[in-house]
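K.L.:
Here is what each chain is made of, one letter per residue.
Number of protein chains: 2
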Amino acid sequence: MVFTRGGVDESIHGVHLAVVDADGKLIASCGDPDLVTFPRSSSKPVQALPLALAAPELPSDELAIACASHAGTPEHLTAVMRLLERSGSTVADLRCGTHPPFDAVVAAELIRTGERPTPLHHNCSGKHAGMLLSCVLNGWPKEGYTEHGHPLQVRIRELHAELGGVSLEAVEAGTDGCSVPAFALPLGAAARIFAGLARPSGEYAEALERIFGAMTEHPFLVAGPGRLDTTLMPLVPGLVAKMGAEAFYGMGLRETPRGPLGIAFKIMDGGERARAHVALAVLEALGIPLTPEMQALAPATLHNWAGREVGGVRVELPLVWA
Amino acid sequence: MVFTRGGVDESIHGVHLAVVDADGKLIASCGDPDLVTFPRSSSKPVQALPLALAAPELPSDELAIACASHAGTPEHLTAVMRLLERSGSTVADLRCGTHPPFDAVVAAELIRTGERPTPLHHNCSGKHAGMLLSCVLNGWPKEGYTEHGHPLQVRIRELHAELGGVSLEAVEAGTDGCSVPAFALPLGAAARIFAGLARPSGEYAEALERIFGAMTEHPFLVAGPGRLDTTLMPLVPGLVAKMGAEAFYGMGLRETPRGPLGIAFKIMDGGERARAHVALAVLEALGIPLTPEMQALAPATLHNWAGREVGGVRVELPLVWA
Numbered sequence: 001m002v003f004t005r006g007g008v009d010e011s012i013h014g015v016h017l018a019v020v021d022a023d024g025k026l027i028a029s030c031g032d033p034d035l036v037t038f039p040r041s042s043s044k045p046v047q048a049l050p051l052a053l054a055a056p057e058l059p060s061d062e063l064a065i066a067c068a069s070h071a072g073t074p075e076h077l078t079a080v081m082r083l084l085e086r087s088g089s090t091v092a093d094l095r096c097g098t099h100p101p102f103d104a105v106v107a108a109e110l111i112r113t114g115e116r117p118t119p120l121h122h123n124c125s126g127k128h129a130g131m132l133l134s135c136v137l138n139g140w141p142k143e144g145y146t147e148h149g150h151p152l153q154v155r156i157r158e159l160h161a162e163l164g165g166v167s168l169e170a171v172e173a174g175t176d177g178c179s180v181p182a183f184a185l186p187l188g189a190a191a192r193i194f195a196g197l198a199r200p201s202g203e204y205a206e207a208l209e210r211i212f213g214a215m216t217e218h219p220f221l222v223a224g225p226g227r228l229d230t231t232l233m234p235l236v237p238g239l240v241a242k243m244g245a246e247a248f249y250g251m252g253l254r255e256t257p258r259g260p261l262g263i264a265f266k267i268m269d270g271g272e273r274a275r276a277h278v279a280l281a282v283l284e285a286l287g288i289p290l291t292p293e294m295q296a297l298a299p300a301t302l303h304n305w306a307g308r309e310v311g312g313v314r315v316e317l318p319l320v321w322a
Numbered sequence: 001m002v003f004t005r006g007g008v009d010e011s012i013h014g015v016h017l018a019v020v021d022a023d024g025k026l027i028a029s030c031g032d033p034d035l036v037t038f039p040r041s042s043s044k045p046v047q048a049l050p051l052a053l054a055a056p057e058l059p060s061d062e063l064a065i066a067c068a069s070h071a072g073t074p075e076h077l078t079a080v081m082r083l084l085e086r087s088g089s090t091v092a093d094l095r096c097g098t099h100p101p102f103d104a105v106v107a108a109e110l111i112r113t114g115e116r117p118t119p120l121h122h123n124c125s126g127k128h129a130g131m132l133l134s135c136v137l138n139g140w141p142k143e144g145y146t147e148h149g150h151p152l153q154v155r156i157r158e159l160h161a162e163l164g165g166v167s168l169e170a171v172e173a174g175t176d177g178c179s180v181p182a183f184a185l186p187l188g189a190a191a192r193i194f195a196g197l198a199r200p201s202g203e204y205a206e207a208l209e210r211i212f213g214a215m216t217e218h219p220f221l222v223a224g225p226g227r228l229d230t231t232l233m234p235l236v237p238g239l240v241a242k243m244g245a246e247a248f249y250g251m252g253l254r255e256t257p258r259g260p261l262g263i264a265f266k267i268m269d270g271g272e273r274a275r276a277h278v279a280l281a282v283l284e285a286l287g288i289p290l291t292p293e294m295q296a297l298a299p300a301t302l303h304n305w306a307g308r309e310v311g312g313v314r315v316e317l318p319l320v321w322a
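Quick note, the sequences are listed as chains Z and L, same order. Each residue of the first sequence is one higher than the one before, starting from 1 at the first, in the UniProt record's numbering. Each residue of the second sequence is one higher than the one before, starting from 1 at the first, in the UniProt record's numbering.
Mixed in with the good hints there might be a few duds.
Pairwise CB distance ranges, derived in the manner of DEER restraints [as the list claims (entries may be wrong)]:
hint, chain 1, residue 1, chain 2, residue 2, range
1, Z, Gly7, L, Pro141, 43 to 49 Å
2, L, Glu158, Z, Ala296, 38 to 44 Å
3, L, Leu235, Z, His303, 19 to 25 Å
4, L, Gly139, Z, Leu235, 30 to 36 Å
5, Z, Ala205, L, Ala104, 33 to 39 Å
6, Z, Thr301, L, Thr98, 16 to 22 Å
7, L, Pro117, Z, Pro234, 32 to 38 Å
8, Z, Thr113, L, Val136, 44 to 50 Å
9, L, Leu319, Z, Gly88, 38 to 44 Å
10, L, Pro74, Z, Arg258, 55 to 61 Å
11, L, Pro117, Z, Leu290, 32 to 38 Å
12, L, Glu143, Z, Glu272, 37 to 43 Å
13, Z, Pro234, L, Glu143, 43 to 49 Å
It should be emphasised that the hints constitute simulated quantities derived from the structure, not laboratory data. Note that beta-carbon positions come from the ideal geometry of N, C-alpha and C, so glycine has one too.
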């Protein structure tokens, strides 16, 4: 996809994309659907699965925050604190590190008051709180819960393979921005994970259904003000969507002309600004009509600081049908 | 160039690059040296040339701020104000628009004090102040100085063609983030502009020499704390360098084994994080030894929020020698 200025193509983002049906069969692609890459935070529904399995009564807002890359608003922090307390943990147990909250208003408020951000503000703090509760409920030590060899992380790697329909050897490991393992797998396998959220089946069906419900019922908790997951999910019936760093995106669609589908894509260069444009283009290509509210999430024109129109966005998504 | 995580390539940035010698002859390239693209703020030395020609006695710090994409520190604002006063102008005459200062410390200070950013904080305010003085000294109206048809902008377009060694028709026009025309030209032509700064000749030689002197004597004014132009220029004898938005970079090198050279490159996707890595790789390929201080500007390893090493950067710059 291309960002233009005047009549000239200024910057170009390459896209790799895979679409699978409810049986996990590849039905369409763009670029290389076998590209092995990191879903990053798009893995959070998988990382929350051991929690969903161990805590069938967990309130859905707490399950949602465990799947979130949140913006650090008070509403997000409250949900994280509640989840944290369930395992008898405190902020001091979180191993995610600290960054200023994603939400600009909250970030400015911290600067104004002279308050420092804490690990609670880290966009992954809900995931970490969920992991701590997972450990307690499964009888694993909380100590070292972020390490590659910890039973929770070993289990999460297995779940990536199981839900992605690939061998354990096909799941490569790195370390994420929040210090837990990040797993890389082929795009088609990541799409299968999201198809599994759209139409849960097998031994994890009930837990996956609760994760789908939690994320779609609490889109604000999953991300935050103005962020794509939060704004897009309520506009598309039966859509579960989760952003990952470096411009990864996963979507599970319950209702399409082709039945439930799973979609995963990666902007080659990690260019986050391309994500919303590509997400809408693939939804449209899959038969989801784009409403004006949806189109407003990916404006086709670019304006400068003085409000003048200076360019546009041209989406080229040459889907190849399998 | 590739950003890796664990052992996996995570994100990839494509590069187009041109290197020309002092005669403007292409001597090396990567990707497409004929790519027509916008230098954006890398055009500022050309945009300041009418000012340098009309104001031979202008202090070098004011000429430097006219060439700057500055960070909005008090030192930058003072220089802009002085330049603005020379044309009897005020902040109200600036047509650049307003954005929060690039410098995080200054931006936070504004938030703390509740002060709003003004057009002075816009990274291009020095260029605009210079343009206003250009108008007064050349007898052109200040009114409408940002418009494509204004005599100043017409002249700047001609200068792009002249210094780039291309026809006027080869210079395409868009509008920049600060509302003045942005001109697009082939990468090789942009490299010629920087070769002309490294070894000025012809009718503009004296003014180009003063621009070179101003930028290299005041690297802080040209950008700001931690920004590449500011940090790199003092480390490489005879280097003039200027960043442009969407990951453009122009460098003029006075002293290399091949004599004075001009370099221009564009990260295809506009990925700013790749710029320093590519700049160092091309300097090394052109025979400039990389010191530890230079290498520190483009770290080969990536760390996460908790300070853990999570990945690296692999620079692939397959230079083709002409």
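K.L.:
Tell me if the beta carbons of glycine 7(Z) and proline 141(L) are separated by a distance inside 43 to 49 Å.
P.N.:
About 28 Å separates the Cβ atoms of glycine 7(Z) and proline 141(L), which means 43 to 49 Å is violated.
K.L.:
How does the Cβ-Cβ distance of proline 117(L) and leucine 290(Z) compare with 32 to 38 Å: does it lie in that range?
P.N.:
At 36 Å between Cβs, range holds.
K.L.:
Quick check on a hinted range of 43 to 49 Å for proline 234(Z) and glutamate 143(L), using CB atoms only.
P.N.:
holds (48 Å)
K.L.:
Leucine 319(L) and glycine 88(Z), beta-carbon distance inside 38 to 44 Å?
P.N.:
Hint violated: Cβ distance 59 Å, outside 38 to 44 Å.
K.L.:
A range of 37 to 43 Å was offered for this pair. Does it hold for the Cβ distance of glutamate 143(L) and glutamate 272(Z)?
P.N.:
About 40 Å separates the Cβ atoms of glutamate 143(L) and glutamate 272(Z), which means 37 to 43 Å holds.
K.L.:
May I ask you to test the hint 38 to 44 Å on the CB atoms belonging to glutamate 158(L) and alanine 296(Z)?
P.N.:
41 Å Cβ-Cβ, so the 38 to 44 Å window holds.
K.L.:
Quick check: does the Cβ-Cβ distance between threonine 301(Z) and threonine 98(L) fall within 16 to 22 Å?
P.N.:
holds (20 Å)
K.L.:
Taking the CB of alanine 205(Z) and the CB of alanine 104(L), does the distance hold inside 33 to 39 Å?
P.N.:
Given a distance of about 47 Å, which is not inside 33 to 39 Å, the answer is violated.
K.L.:
How does the Cβ-Cβ distance of proline 117(L) and proline 234(Z) compare with 32 to 38 Å: does it lie in that range?
P.N.:
At 34 Å between Cβs, range holds.
K.L.:
Could you tell me whether the CB distance from proline 74(L) to arginine 258(Z) stays inside 55 to 61 Å?
P.N.:
holds (60 Å)
K.L.:
If I claimed the Cβ atoms of glycine 139(L) and leucine 235(Z) lie 30 to 36 Å apart, would that claim hold in this structure?
P.N.:
violated (56 Å)
K.L.:
If you check the beta carbons of threonine 113(Z) and valine 136(L), does the distance land in 44 to 50 Å?
P.N.:
holds (46 Å)
The earlier numbered hints that this structure contradicts are 1, 3, 4, 5 and 9.
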